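Trainee: Here's the letter readout for the chains.
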Amino acid sequence: MEQPVVEMKGMVKRFGSLTAVDRVDFTLQKGTIHALLGENGAGKSTLMNLLAGLYQPDEGKIRINGEAAVIHSPRDAYDRKIGMVHQHFMLIPKLTVAENIILGLQTRSSPLLNIKDASGQIRELSQRFGIQADPDALVEELTSGEQQRVEILKMLYRNADILILDEPTAVLTPQEVSSLFQVLRKMAGQGFSIILITHKLEEVLSLCDTVDILRDGKKIDSRPASESDRNSLARMMVGREVLLEYDRLSGEQGETVLETKGISAKGSDGRDLLQDISLQVRAGEILGVAGVSGNGQSELAKTCAGLRRADSGSILCSGRDITGTSIAQRIRLGISYIPDDRHALGMFPGMGVADNLVVKQHDRPPFSRRGFRRESAIHSSADKLIDSYNIRTTSRDTSMRSLSGGNQQKAVLARELSVSPQVIIADQPTRGLDVGAIEYIHQLLLEHRRRNAAVLLISTELDEILNLSDRIIVMYAGRITYTCDTDSADIEQIGLAMAGELQ
Amino acid sequence: MTKQRQYIRTLQHHLLWSDFGRQVTTAVMAIAAALLLGALCIAAIGASPLKAYGAIISGAFGNTNAVAETAVKAAPLLLAGLGLSVAYRANMWNIGAEGQIFAGGMAAAVTALTLGTQLPAAVVIPLQFLAGLTAGALWAFIPAILKTKLGIDEIINTIMLNYIAVLAVGWLIQNPLRDPSAGFPRTSMIPEASQLPIILARTRLHVGVLIALVFVVIIHVVLWKSTLGFKIRTAGDNPGAARACGIRVNRVLIISMLISGGMAGLAGTIQVTGLHFRMIQDISGGIGFSAIAVTLLANNQPAALILSALFMAALDVGANTMQYQADVPVAVVNLIQGLVILFVVGREFLYRRITRRHQAFSEKQEKLSHAAEGAKEQ
Numbered sequence: 125m126e127q128p129v130v131e132m133k134g135m136v137k138r139f140g141s142l143t144a145v146d147r148v149d150f151t152l153q154k155g156t157i158h159a160l161l162g163e164n165g166a167g168k169s170t171l172m173n174l175l176a177g178l179y180q181p182d183e184g185k186i187r188i189n190g191e192a193a194v195i196h197s198p199r200d201a202y203d204r205k206i207g208m209v210h211q212h213f214m215l216i217p218k219l220t221v222a223e224n225i226i227l228g229l230q231t232r233s234s235p236l237l238n239i240k241d242a243s244g245q246i247r248e249l250s251q252r253f254g255i256q257a258d259p260d261a262l263v264e265e266l267t268s269g270e271q272q273r274v275e276i277l278k279m280l281y282r283n284a285d286i287l288i289l290d291e292p293t294a295v296l297t298p299q300e301v302s303s304l305f306q307v308l309r310k311m312a313g314q315g316f317s318i319i320l321i322t323h324k325l326e327e328v329l330s331l332c333d334t335v336d337i338l339r340d341g342k343k344i345d346s347r348p349a350s351e352s353d354r355n356s357l358a359r360m361m362v363g364r365e366v367l368l369e370y371d372r373l374s375g376e377q378g379e380t381v382l383e384t385k386g387i388s389a390k391g392s393d394g395r396d397l398l399q400d401i402s403l404q405v406r407a408g409e410i411l412g413v414a415g416v417s418g419n420g421q422s423e424l425a426k427t428c429a430g431l432r433r434a435d436s437g438s439i440l441c442s443g444r445d446i447t448g449t450s451i452a453q454r455i456r457l458g459i460s461y462i463p464d465d466r467h468a469l470g471m472f473p474g475m476g477v478a479d480n481l482v483v484k485q486h487d488r489p490p491f492s493r494r495g496f497r498r499e500s501a502i503h504s505s506a507d508k509l510i511d512s513y514n515i516r517t518t519s520r521d522t523s524m525r526s527l528s529g530g531n532q533q534k535a536v537l538a539r540e541l542s543v544s545p546q547v548i549i550a551d552q553p554t555r556g557l558d559v560g561a562i563e564y565i566h567q568l569l570l571e572h573r574r575r576n577a578a579v580l581l582i583s584t585e586l587d588e589i590l591n592l593s594d595r596i597i598v599m600y601a602g603r604i605t606y607t608c609d610t611d612s613a614d615i616e617q618i619g620l621a622m623a624g625e626l627q
Numbered sequence: 007m008t009k010q011r012q013y014i015r016t017l018q019h020h021l022l023w024s025d026f027g028r029q030v031t032t033a034v035m036a037i038a039a040a041l042l043l044g045a046l047c048i049a050a051i052g053a054s055p056l057k058a059y060g061a062i063i064s065g066a067f068g069n070t071n072a073v074a075e076t077a078v079k080a081a082p083l084l085l086a087g088l089g090l091s092v093a094y095r096a097n098m099w100n101i102g103a104e105g106q107i108f109a110g111g112m113a114a115a116v117t118a119l120t121l122g123t124q125l126p127a128a129v130v131i132p133l134q135f136l137a138g139l140t141a142g143a144l145w146a147f148i149p150a151i152l153k154t155k156l157g158i159d160e161i162i163n164t165i166m167l168n169y170i171a172v173l174a175v176g177w178l179i180q181n182p183l184r185d186p187s188a189g190f191p192r193t194s195m196i197p198e199a200s201q202l203p204i205i206l207a208r209t210r211l212h213v214g215v216l217i218a219l220v221f222v223v224i225i226h227v228v229l230w231k232s233t234l235g236f237k238i239r240t241a242g243d244n245p246g247a248a249r250a251c252g253i254r255v256n257r258v259l260i261i262s263m264l265i266s267g268g269m270a271g272l273a274g275t276i277q278v279t280g281l282h283f284r285m286i287q288d289i290s291g292g293i294g295f296s297a298i299a300v301t302l303l304a305n306n307q308p309a310a311l312i313l314s315a316l317f318m319a320a321l322d323v324g325a326n327t328m329q330y331q332a333d334v335p336v337a338v339v340n341l342i343q344g345l346v347i348l349f350v351v352g353r354e355f356l357y358r359r360i361t362r363r364h365q366a367f368s369e370k371q372e373k374l375s376h377a378a379e380g381a382k383e384q
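Chains A and B supply the protein sequences, listed in that same order. So the first sequence is numbered by our numbering: it starts at 125 and just counts up by one. So the second sequence is numbered by our numbering: it starts at 7 and just counts up by one.
Worth flagging that the hints you see were computed from the coordinates, not collected in a lab. Please note that a few of the clues may not be correct.
Here are the computed lysine to aspartate or glutamate pairs in the EDC-like style, where the Cα-Cα straight-line distance is at most 20 Å [to be verified]:
#1 K205(A) / E131(A)
#2 K385(A) / D400(A)
#3 K231(B) / D521(A)
#4 K324(A) / D340(A)
#5 K231(B) / D487(A)
#6 K231(B) / D435(A)
#7 K185(A) / D200(A)
#8 K390(A) / D435(A)
#9 K133(A) / D340(A)
It should be emphasised that the depicted structure is a prediction, and the values quoted were computed from it without experimental measurement.
Isolated chain A, as found in the complex (with noise of 0.2 Å):
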């Protein structure tokens, strides 16, 4: 067998008590493309920080090229040719992609910057791996598709020949999507060997080679691509069976319950947010909105939640007109809503688990009487709603706070959800979970809707709204470019209409 390019052996890291990788074995072939799964926690970012010098290991050793490697910053990685893409941009939106790429690197002989040399040099890269990118674009005018690309690009720049890649494809509309394969593949092909973290079962099995699966720290198995399945990888990761698909029982579909009438919305800087939408979702519906993150969604979701207005149109519950209600007047007629940012809107993270379970009951019965609290209804119903959804908490009196992200989620679904709504306006629930807490959150939705609940979902997952909705739209740039039954729907032109190129 070939030396192997990566070779990490007992790799440890502990914070605090906690041990994040413990005793994980890694080891990376040359020209090949590995996958490294695992849910959120599972310690697959850390692994990989750790060969780019980001956090130092407590046990283990590292070999590149079967050389041993002590690794202390970003900058020995660099130097040893390893360079990794974040999940979370590190680009300079004021600067030139040029700028970009070569900001923080030594010229070799000039003190002034040659941007000339690295356009053309970047140009070069670009056309032999088929990655468009102009050198001489700002940043903060490209989509998030294309800074990742200068990612790349930068990483390329420095001659990285192992590259590490965080959840990369969670910015990116389809299109996008099989465009980054293709340059990957390519890559692969011309000799570098890439590492993909992920949790998408789909990546792994359509992409890589070679694939790992961690848990708790902990490296499952390790096994080629080709000898894997959907099942199997999901049960590996989870650590239990998982459903990957719903049955979608087509249950009966009543009125109207929640409708949009044409309407618009300015931004504070005067750009459209949203442009003449109109909508309808009935009763035991769920209408999927599918985009990529920031073309409306969360302001067609808050328009309707009555945070925010719309300047012109009309919006109808039952066929009432709410356009002009309060939050409170909403929440009476049973519209909830569970926001994409459950930090900014959703939870009150210094209060405890049943305060924050009773905030939009607090000032009713049972909850209160003549203006006053009745702890003992308050405690028996947290008590319950904390049992039901399977919030993990030491306590009802627990912070907020110090409840994993998967378990906050969980509470903010409690407190909207308990309530049997006849109208659900999820944004993004399931944003930054793992899939054991998603599939519990899509079991709920469904649940809802055979409850007969008209469920508006927003998500930036297209496969969790092909699996949820019964129909389906496409925003972008605040308008509907795409509307669908689910049954009939053509993945290729909702992908089109993601990006804006379907009129």
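Starting from the known structure of chain A, fit chain B onto it as the hints suggest.
Mentor: Leaving out everything else, chain B in the frame of chain A:
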């Protein structure tokens, strides 16, 4: 041996991890650190720290009169601090208790001077409290409305309104309300019916101290047992989420400021009607600012305010005894008070340093997940 260690572990856990334990631990640590540094300063000027601190304790608690003086000093701190704790729970940074004390005190003095000769004590004293409460609340209403309607920072406005209140009172007691018999600016003495009854003979311990204690209970109930207090706490913890949950956040913020100003107004009222019996320029002596320290030290907990107000008052009252018994200048007490504030403000930081090792992992995780969310937002 192992049992002992286990016991220590449990204790450690309670002191460091439970919310209550954490508050108590950090407050005690802040005071201890301030006293320790103060002791070093005292030693540096050649005096005995033990003797000096002993003198403060005997000066503040050594006899009945000393205790009464400490309580009289603590009462307005307590009232103003109660108000501040409500505002701070709503995340409204009211730095204007001083001005609100002046507004309340002035209103109480005017009420006493105009009605005190005509009405019996049982009527005029409640009226004075009502006047003080209303004036303080109105003075706090101005920055509250500026904040909620126009988004103007309440910190700056409350500070500015302090100056306006102090100068306005100065003008009033120099001109229209000046005591004609006095050579310096002050109002006439308020009538006997207006004066708060003394509850301990041969001391200055007046009924305002009891009223302050009653308000500890009231504010505690408001904050922790009422739906209003719950709304205040949600609005302070996360106004965005509170709004999304149907709470009218602006209204709640205004109410919290009205309560805050009203309580400071009551502090001004008892200073005028229980202690000085007239409005004077030096009616507060910085109570409005000391109350901020008292509130921070008590971490906005009404019950804990009793202890922290007593602590600050005891330092003030004991300072003179320290000066003549231990030959340590009064300024050292100011130094200690300043250090307490410093350490209290830094106590979260202090606490984090101690527990950093334990938290490093969860913080890192949080950062990573934030980064992930940030990336997805783009």
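Trainee: Are any of the numbered hints broken by this structure? If so, which, sorted upward?
Mentor: 6
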